[in-house]
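S.K.: Just so you know, the protein sequences line up as chains W and P, in that order.
All residue numbers for the first sequence refer to numbering that gives the first Met the number 0, where the first residue is 0 and numbers rise by one.
All residue numbers for the second sequence refer to numbering that gives the first Met the number 0, where the first residue is 0 and numbers rise by one.
Bear in mind the hints are in silico, worked out from the structure with no lab data behind them.
Warning: the hint list may mix true and false statements.
Straight line, CA to CA, 27 Å or less: simulated BS3-like cross-link-like pairs of lysine-lysine [as the list claims (entries may be wrong)]:
1) W:K267 to W:K168
2) P:K141 to W:K17
3) W:K388 to W:K288
4) P:K70 to W:K101
5) W:K124 to W:K151
6) W:K420 to W:K255
7) W:K252 to P:K17
8) W:K267 to W:K255
9) P:K141 to P:K247
10) P:K134 to P:K247
11) W:K388 to W:K464
12) W:K452 to W:K363
13) W:K464 to W:K252
14) W:K496 to P:K247
15) W:K379 to W:K396
16) P:K141 to W:K24
17) W:K151 to W:K169
18) W:K452 to W:K379
19) W:K464 to P:K70
20) P:K134 to W:K24
Part of the chain P face toward chain W, derived, beta carbon under 7 Å [what the hints assert, rightly or not]:
21) A79
22) V89
23) Y90
24) P98
25) P99
26) F100
27) S104
28) E126
29) P128
30) F152
31) A161
32) K162
33) A172
34) D174
35) I213
Built from N, CA and C at the ideal position, the CB exists for glycine as well.
Residues per chain are reported as follows:
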Amino acid sequence: MPAIAAQSASASDGGPEKGRAIYEKRCSWCHGIDGAGDGPAAEFLNPPPRDLTFGLYKWKSTPFDEYSPSDEDFEKMIAGDGSHAGISGWDGMSGTSMPGWKDVMGPEGIRHMAAYMRSLSGLGKAEMPAISLAGKIRPGPESIERGRVLFKDRCAECHGLDGRGDGTKKLRDDWGARTWPRDLTKGWTFRAGSGPEDVYTRVTVGIPGTQMPSFADPSSKKAMTEEERWDVANYAASLDEPSRRPVPETVVKALKVEGGLPLTHSDKLWDSAPEANYFLFPQIIAGEKAFTPSLDSISVKAAHNGNEIAFLLEWNDPTNSMPWDPKAVEVADGPLFPDGAAIQFPAGEVKGGRPYFGMGDGRKPVEIWHWRSPEDQSGKEAFGVLEAKGFERISRKTVSEKAGFEASGVYENGRWRVVFKGPLNYENGPAFEEGAFTPIAFALWDGSNGDEKGKHVMTGWEWAKLEKEAPGPSYMWPLAVGGFALAAELLWLFLRKGMKD
Amino acid sequence: MRLLKFILINLFFYALLKMPGLLAGKPIPSSVITMYMFFIIVTVLLVMTITDEGAEDLFAPARSLLEDPSKAFARNVLFAVLPIVAALSVYYLAAEPAPPFELRSAHPAPPGAVRAYGKVYELDGLENPLRSIEKEDPAAFKEMVREGGEVYFRNCLFCHGAKLDGRGHYAHAMDPLPMPFTGSDTIAQLKESYLFWRIVKGGPGLPREGGPNISSMPAWEDELTEEEVWKVILFLYDYTGNRPRSWKD
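If we strip away everything but chain W, and leave its shape as in the complex, we get (with noise of 0.2 Å):
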């Protein structure tokens, strides 16, 4: 490797000396003054910052047995490539902290910042070309059911049947920093595009310092045809679950029922609910601090029947966090904890404004339903109704039996799919009230991301809103308002004969 990377730099263009001034004042502080990925920022960011002395880059397009990125691959980490942007507002690399820098430093300085680069490694200019994309096979059924069948044989080890990520293997960068495969099903986090073509390059150059090998080089066991790499991104690129992305100013919508609410995932009512998604953030604000989260979004639906209400939480998580499975044991990052999920409602009515979101404080207290999953093989999980004053005054309140709390999870190919379900009123519970928004919000646990108390992924304040009937909104208005503007009409045609008489 040393003998490629010793490529003359004195082929680059633009100035390194230019790319010099601007990398210091921009770039030093996460990717480190000698480009080592040791700024100051670095330790607190997951995935790290680039090691740029290694001239290793993860967004390639050149072939495998070529060292070096093409220019334009350069130009596209550094500027951010709006193209593929799921997250509105985020201009750079989905899923990392770099930023997209087009705005700041325009093309001739993304020019410099490339030769920069390259001179901090010695890496020279990409001979061969970028891969061909010319041998696309149109993403229809049956290349996607070929590629279906590979992608259990190549890729499920790592990225599990179902392509959330959750393929249980421990996997280190070359750095030997943890990395997770990428979960297949959120589109909007993969950094370098998501299209099959984005796909098919991924799978055919690999991603340099990571274990994604290239599956065009011949000497892999592993190796695949153009037309089984065009059949798998194929495949690959349908498990994006674009519907599951969230979108700002959602609402949770309760769902009127009659009877009995479910405590599984598999209950057919939950088909028809409607389904609200969420971005998570770490708990970044007080007491222990998360700055490196495994787990970013959340689906939330949720059912009442006037006397009690239900909600059914699902999350994308790689590992079950189980302690006594060997394998999440194994796979686990440190000590091992169980995973959790709590929502977060109000204590009592709101007056005068929410609560503080961050578990409120000594005037406007919150409720919690907590759940937490089994710690061991008797399977049973652990839920509990905590009130708290702020983040470190919580307590435990006893609820009878008879109240009606329950919580149920499953965790299934890297999803966990948990039920709550409690009453509508109790005392200092939530003021839920059908066709009222109450503020909700909710928190996660990766017990394999050593997540356990504060350090946990949170949305801040939400809004559930209780249907009022099954079949949804009533028609009276509409009809008695139509009427109204037809009576309003009339009388002003009879007005206006009148005048005219």
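Based on these hints, arrange chain P on the given structure of chain W.
M.R.: Relative to the frame of chain W, chain P by itself:
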């Protein structure tokens, strides 16, 4: 056509309100847009009907539609459509009511004094004690800015971003969004004492109109020293090329 002009002007303002959401991914809540549009339409109407001729012009098409015998067909269509539109809009309003919106002031008025680090800071007249070094010893000042940068990138980066544009890699999950420091309309409009208050007391220290219950800004007095706070303030201005407002302005 004065009526056309009226419609175009209102559409222009509507597009303006929609712009932050469509271009920058920072949507203005729909309930706020509705409220603003109400005032905009009323204002434009007032301005355009300030003279009698103007009002006459504006309403002429409507009047002719209602009275001109040659437009009987259009009138009948309007009559049929109007009640249906009214009924449908009520139907959709009832189906998708907007959640309550908490009006929030991004830059609420600061308190007179701040209690932190075992002291009481009178904000009126409070200066950054490190600012004077800028002229006295530029090399030492540069070093302080660098140290402030390290504080920033170890604590603030996640929300306020590597470009200091308020778009850190977790910002998209937060509402309200973290504050940007770039541009001439952010910290350039504020005194350093204001930033000191905001950093030291964080979200929970906001007055009620600032939305203390929803701000994710930590109260940094528990984690940063007084000197670190003043240094990070130096960095925020230096990196973005802004100058703080001074008490002499």
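S.K.: Work down the list of hints and note, for each, if the structure agrees.
M.R.: Outcome of the hint check:
For a cut-off of 27 Å, the pair hint linking K267 (chain W) to K168 (chain W) is broken: about 34 Å separates their Cα positions. The suggested pairing of K141 (chain P) with K17 (chain W) holds, with an alpha-carbon distance near 20 Å, which does not exceed 27 Å. The suggested pairing of K388 (chain W) with K288 (chain W) holds, with an alpha-carbon distance near 19 Å, which does not exceed 27 Å. Between K70 (chain P) and K101 (chain W), the direct Cα distance comes to roughly 56 Å. Violation of the 27 Å bound is thereby established for this hinted pair.
Between K124 (chain W) and K151 (chain W) the alpha-carbon distance is near 37 Å, which puts this suggested pair outside the 27 Å criterion. For the hint linking K420 (chain W) to K255 (chain W), the alpha-carbon distance of about 14 Å falls within 27 Å, and the restraint holds. Restraint check for K252 (chain W) and K17 (chain P): satisfied, since their Cα atoms lie roughly 25 Å apart, inside the 27 Å limit. Restraint check for K267 (chain W) and K255 (chain W): the C-alpha separation of about 14 Å stays at or below 27 Å, so the hint holds.
Between the alpha carbons of K141 (chain P) and K247 (chain P) the distance comes to roughly 24 Å, so the proposed pair stays at or under 27 Å and holds. Only pairs whose Cα atoms come within 27 Å are accepted, and K134 (chain P) paired with K247 (chain P) is accepted, the gap being roughly 17 Å. For the suggested pair K388 (chain W) and K464 (chain W), the alpha carbons sit about 24 Å apart, so the restraint of at most 27 Å is met. A hinted pair counts as satisfied when its Cα atoms are at most 27 Å apart, and K452 (chain W) with K363 (chain W) qualifies at roughly 21 Å.
Pair hint K464 (chain W) plus K252 (chain W) holds up; C-alpha atoms about 5 Å apart against a cutoff of 27 Å. For the hint pairing K496 (chain W) with K247 (chain P), the CA-to-CA distance comes to about 71 Å; that exceeds 27 Å, so the pair is violated. Our distance criterion of 27 Å between C-alpha atoms is met by K379 (chain W) and K396 (chain W), whose separation comes to about 20 Å. A distance of roughly 12 Å separates the Cα atoms of K141 (chain P) and K24 (chain W); the hinted pair therefore holds under the 27 Å criterion.
Taking the CA atoms of K151 (chain W) and K169 (chain W), the gap is near 19 Å; set against the 27 Å cutoff, the hint holds. Proposed proximity of K452 (chain W) and K379 (chain W) is supported: the alpha carbons are some 19 Å apart, at most 27 Å. A C-alpha spacing of about 47 Å is found between K464 (chain W) and K70 (chain P), which places the hinted pair above 27 Å, so the restraint is violated. A C-alpha spacing of about 21 Å is found between K134 (chain P) and K24 (chain W), which places the hinted pair at or below 27 Å, so the restraint holds.
For A79 (chain P), the suggested interface contact is broken, since its CB lies about 9 Å from the closest CB of chain W, more than 7 Å. Given the 7 Å rule on beta carbons, the hint for V89 (chain P) holds: about 4 Å separates it from the nearest Cβ of chain W. Among the interface hints, the one on Y90 (chain P) holds; its C-beta lies about 4 Å from the nearest C-beta in chain W, closer than the 7 Å criterion. Here the hint on P98 (chain P) is kept, as its CB sits about 4 Å from the closest CB of chain W, short of 7 Å.
With 7 Å as the threshold, the beta carbon of P99 (chain P) comes within range of chain W, its nearest partner Cβ sitting at about 6 Å, so the hint holds. The criterion of a C-beta within 7 Å of any C-beta in chain W is not met by F100 (chain P), whose closest approach is roughly 10 Å, and the hint is violated. Interface restraint check for S104 (chain P): the shortest CB-CB distance to chain W comes to about 14 Å, outside 7 Å, so the restraint is violated. The beta carbon of E126 (chain P) comes no nearer than 26 Å to any beta carbon in chain W, farther than 7 Å, and the hint placing it at the interface is violated.
Nearest Cβ of chain W to the Cβ of P128 (chain P): about 23 Å, over the 7 Å cut. The hint is violated. Taking 7 Å as the C-beta cut-off, the interface hint given for F152 (chain P) holds, the closest approach to chain W being about 4 Å. Among the interface hints, the one on A161 (chain P) holds; its C-beta lies about 5 Å from the nearest C-beta in chain W, closer than the 7 Å criterion. The beta carbon of K162 (chain P) is positioned within 7 Å of a beta carbon in chain W (closest approach about 5 Å), and the interface hint is therefore held.
A least Cβ separation of about 4 Å between A172 (chain P) and chain W falls short of the 7 Å threshold, and the interface hint therefore holds. Taking 7 Å as the C-beta cut-off, the interface hint given for D174 (chain P) holds, the closest approach to chain W being about 5 Å. Interface restraint check for I213 (chain P): the shortest CB-CB distance to chain W comes to about 6 Å, inside 7 Å, so the restraint holds.
Consistency note: the structure conflicts with the earlier hints numbered 1, 4, 5, 14, 19, 21, 26, 27, 28 and 29.
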